[in-house]
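Student: Construct the entire structure; sequences and hints are all you get.
Just so you know, the sequences run in chain order U and H. The number in the working numbering is simply the position in the first sequence, starting from 1, with 1 added. The number in the working numbering is simply the position in the second sequence, starting from 1, with 147 added.
It should be emphasised that the hints constitute simulated quantities derived from the structure, not laboratory data. What you are looking at is a predicted structure, and each value in this text was computed from that prediction instead of being measured. No residue lacks a Cβ here, since even glycine has one placed at the ideal position from N, Cα and C. Some hints could be false.
Stated by the list, open to error - Beta-carbon label-pair distances, calculated as ranges: (1) H:396 / U:212: 45 to 53 angstroms; (2) U:188 / H:166: 54 to 62 angstroms; (3) U:189 / H:152: 19 to 27 angstroms; (4) U:20 / H:256: 54 to 62 angstroms; (5) U:189 / H:415: 44 to 52 angstroms; (6) H:256 / U:104: 21 to 29 angstroms; (7) H:152 / U:123: 40 to 48 angstroms; (8) U:282 / H:152: 28 to 36 angstroms; (9) H:459 / U:251: 42 to 50 angstroms; (10) U:121 / H:229: 42 to 50 angstroms; (11) U:157 / H:481: 35 to 43 angstroms; (12) U:282 / H:159: 31 to 39 angstroms; (13) U:15 / H:152: 55 to 63 angstroms; (14) U:165 / H:172: 38 to 46 angstroms.
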Amino acid sequence: MSNEKSISLDHGSGGLASQNLIGDLFLKYLTSPQLRDLEDCAVLGEHEGRIAFTTDSYVVDPLFFPGGDIGALAVHGTINDLCMRGARPIALSLALIIEEGFPLAELERVIASVGRCSEAAGVAVVTGDTKVVPHGKADRLFINTAGIGMVSHRCEISGKRARPGDAVLVSGTLADHGITIMSSQAGIAIGGDIKSDTQPLHRLVGALLEDYNCQVHVLRDPTRGGLATTLCEIAASSRVRIAIDEDQLPIRPAVAAACEMIGLDPLYLANEGKCVLICDARAEGAILHLLRSLPEGRDAALIGRVEAGNDGRVSLTTRIGGSRLLEPLTGLPLPRIC
Amino acid sequence: MKCADEFRSREITAPLVAEIHREAFRPVRLMEVCGTHTMAIFRHGIRSLLPDTVELLSGPGCPVCVTPAGHIDAFVSAVRRPEVIVATFGDLVRVPGSDGSLADARAAGARVEIVYSPMDALALAAREPERTVVFPAVGFETTAPTIAATILQAKRQGLDNFLVIPANKTMPRALEALLDDPQLQVDGLLCPGHVSAIIGAEAYRPLAERYHLACAVAGFEPADILAGLLSLVRQVNAARATVDNCYSRVVTAEGNLRAQQLMAAVFAPVDSEWRGLGAIPASGLALGEDFRRFDAMHVLDLPLSTARDPRGCRCGEILKGRLLPPDCPLYGGACTPLHPVGPCMVSGEGTCAAYHRYSDLKTSRRTAAAGQSTVRPYQGHP
Numbered sequence: 002m003s004n005e006k007s008i009s010l011d012h013g014s015g016g017l018a019s020q021n022l023i024g025d026l027f028l029k030y031l032t033s034p035q036l037r038d039l040e041d042c043a044v045l046g047e048h049e050g051r052i053a054f055t056t057d058s059y060v061v062d063p064l065f066f067p068g069g070d071i072g073a074l075a076v077h078g079t080i081n082d083l084c085m086r087g088a089r090p091i092a093l094s095l096a097l098i099i100e101e102g103f104p105l106a107e108l109e110r111v112i113a114s115v116g117r118c119s120e121a122a123g124v125a126v127v128t129g130d131t132k133v134v135p136h137g138k139a140d141r142l143f144i145n146t147a148g149i150g151m152v153s154h155r156c157e158i159s160g161k162r163a164r165p166g167d168a169v170l171v172s173g174t175l176a177d178h179g180i181t182i183m184s185s186q187a188g189i190a191i192g193g194d195i196k197s198d199t200q201p202l203h204r205l206v207g208a209l210l211e212d213y214n215c216q217v218h219v220l221r222d223p224t225r226g227g228l229a230t231t232l233c234e235i236a237a238s239s240r241v242r243i244a245i246d247e248d249q250l251p252i253r254p255a256v257a258a259a260c261e262m263i264g265l266d267p268l269y270l271a272n273e274g275k276c277v278l279i280c281d282a283r284a285e286g287a288i289l290h291l292l293r294s295l296p297e298g299r300d301a302a303l304i305g306r307v308e309a310g311n312d313g314r315v316s317l318t319t320r321i322g323g324s325r326l327l328e329p330l331t332g333l334p335l336p337r338i339c
Numbered sequence: 148m149k150c151a152d153e154f155r156s157r158e159i160t161a162p163l164v165a166e167i168h169r170e171a172f173r174p175v176r177l178m179e180v181c182g183t184h185t186m187a188i189f190r191h192g193i194r195s196l197l198p199d200t201v202e203l204l205s206g207p208g209c210p211v212c213v214t215p216a217g218h219i220d221a222f223v224s225a226v227r228r229p230e231v232i233v234a235t236f237g238d239l240v241r242v243p244g245s246d247g248s249l250a251d252a253r254a255a256g257a258r259v260e261i262v263y264s265p266m267d268a269l270a271l272a273a274r275e276p277e278r279t280v281v282f283p284a285v286g287f288e289t290t291a292p293t294i295a296a297t298i299l300q301a302k303r304q305g306l307d308n309f310l311v312i313p314a315n316k317t318m319p320r321a322l323e324a325l326l327d328d329p330q331l332q333v334d335g336l337l338c339p340g341h342v343s344a345i346i347g348a349e350a351y352r353p354l355a356e357r358y359h360l361a362c363a364v365a366g367f368e369p370a371d372i373l374a375g376l377l378s379l380v381r382q383v384n385a386a387r388a389t390v391d392n393c394y395s396r397v398v399t400a401e402g403n404l405r406a407q408q409l410m411a412a413v414f415a416p417v418d419s420e421w422r423g424l425g426a427i428p429a430s431g432l433a434l435g436e437d438f439r440r441f442d443a444m445h446v447l448d449l450p451l452s453t454a455r456d457p458r459g460c461r462c463g464e465i466l467k468g469r470l471l472p473p474d475c476p477l478y479g480g481a482c483t484p485l486h487p488v489g490p491c492m493v494s495g496e497g498t499c500a501a502y503h504r505y506s507d508l509k510t511s512r513r514t515a516a517a518g519q520s521t522v523r524p525y526q527g528h529p
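Tutor: Structure (structure tokens):
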């Protein structure tokens, strides 16, 4: 395949070109023994606990952006979905849908990134699939990853478990990923301060649950729809109210400025390496301290409280002391025109 | 953004709020004209800080909301032509016309691109010479100068595949038409900061004098808005009707002359249909004689339908400040941000969308408790 510059339909045929692609490119960066065996499925070792299972598809545009790329998102996003139920991630699958004509060099960049991220996270890609569709039938590259994890903790972590009086925390700054993608799409040059926050949270969650399993009630990653939508979902499933304080929200000044410029609300923009954490108020100080001692949680903040009231209402006290309700995101976040 | 931060600090806003509470000893009805003000008032929870005596009405200053269904239909019929790309501000995409929205056309295979500036649409036309790029020119004096500059640039570049559908509107004449409505009882106008930066604070002087109306030009930070409201309350108390420029760091008396020249060079005033307000003389912008070849309505021979507003939709009365969104029979039921019927629900700046998305606790409490709604009380969180 050294003469080829782009993906052709042959690469998805299952024939020789497919085998070459797998051998020369995929196995160069994805090194787990199960994948190397090229069997129809991977057989995992024995693990203690209940099985957690999740899947997610990645269609981000652009594929490469400041702070990450579609490959990093595909690894981190699925790891994080597992962690949000307290599961320890064990293995990932990787399925690609590639548009005919997609440059091989870009595919290699993406697969190298998948390899790098999965190795750094210590969660291997153990099975995979590649399909190629004719030009125009897909937009360059779509990725699906599924993940398996094990839950061995005693107390359940769930969006239904927020209780009145609980503390609401976030593990770091908000809206970094969303504003990076929106401004890339808009073709607006952004400063070095603004980059995606894509990162895996399993180490942070592991450390947290090691000491505070039963004090942590809810973990949720505020991806699409942002913090506001995530809090609305939690408040609705737990049948409580949530009140947060705008003054306490960690948002980088450059991100806030870019949001103002494009006309977007940072509370509705995606995060790809942060979690919302709702915990027993008696443990909030210790948990905040622990989060801030970890690299993934150094900007963690206590942002509000869970309150009684079963209508799922989420309110924000604004910086000037006003109050407003937060609704879930509807439609796509669109910039205003003036 | 340090500058903006200062205008958001409680140290600056709290004394303004206290002063409004002291001065507003009798009921006063104030209208914020501009959609960006509506958004900011909700976003910062300003209503929840005001005394019950101060009532805020949202005016017709959301450019998407006042664009009539006929124009939306023209945008949609343009993009259905196989050779056409419609490059548009994002707000317009989901606004329904009488035969679907640009988003519906896109789902059916038409090419709709979101741009942040008309210059991006021109760049697209230069990149794709085999296609015709149509830019729906909506907005007030805020967008008109850059659209004019883009058309001049297209002329200089000799591009003949860049067209606009002229649908810009201008503000002072529309306010006049609004104030001529005897049913509209307003004591003061919070005048739009961005528009005023172009047309100048003095543009409102005739309104203040003719209608004996308090006017205050305000910016969009909480302190700006509160200072504007305080000025209006004080003017009403003193029975004064003047134009107080509370946004002098941006707005001058005469405005941005260069931008005004650009507009005058490219556009000519024309009678214009406003959704909800009807036809208002000389309140729209058509392309001047020398620029007709950029007018998509002529070049593509697009029909301008006289489509009526959707059945039951009360956007018109909401735009006039005569009804609140919860008074509309469609609000929150048939018409939601996810499935908008009327334009006030589609645009982020629309009064209904702002009510729905950013409703503040006090608004929901007060309306629901008083049960003053003619149709059904606002339940806060649907």
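Student: Hint compliance check: list the failing hint numbers for this structure, sorted ascending.
Tutor: 2, 4 and 5
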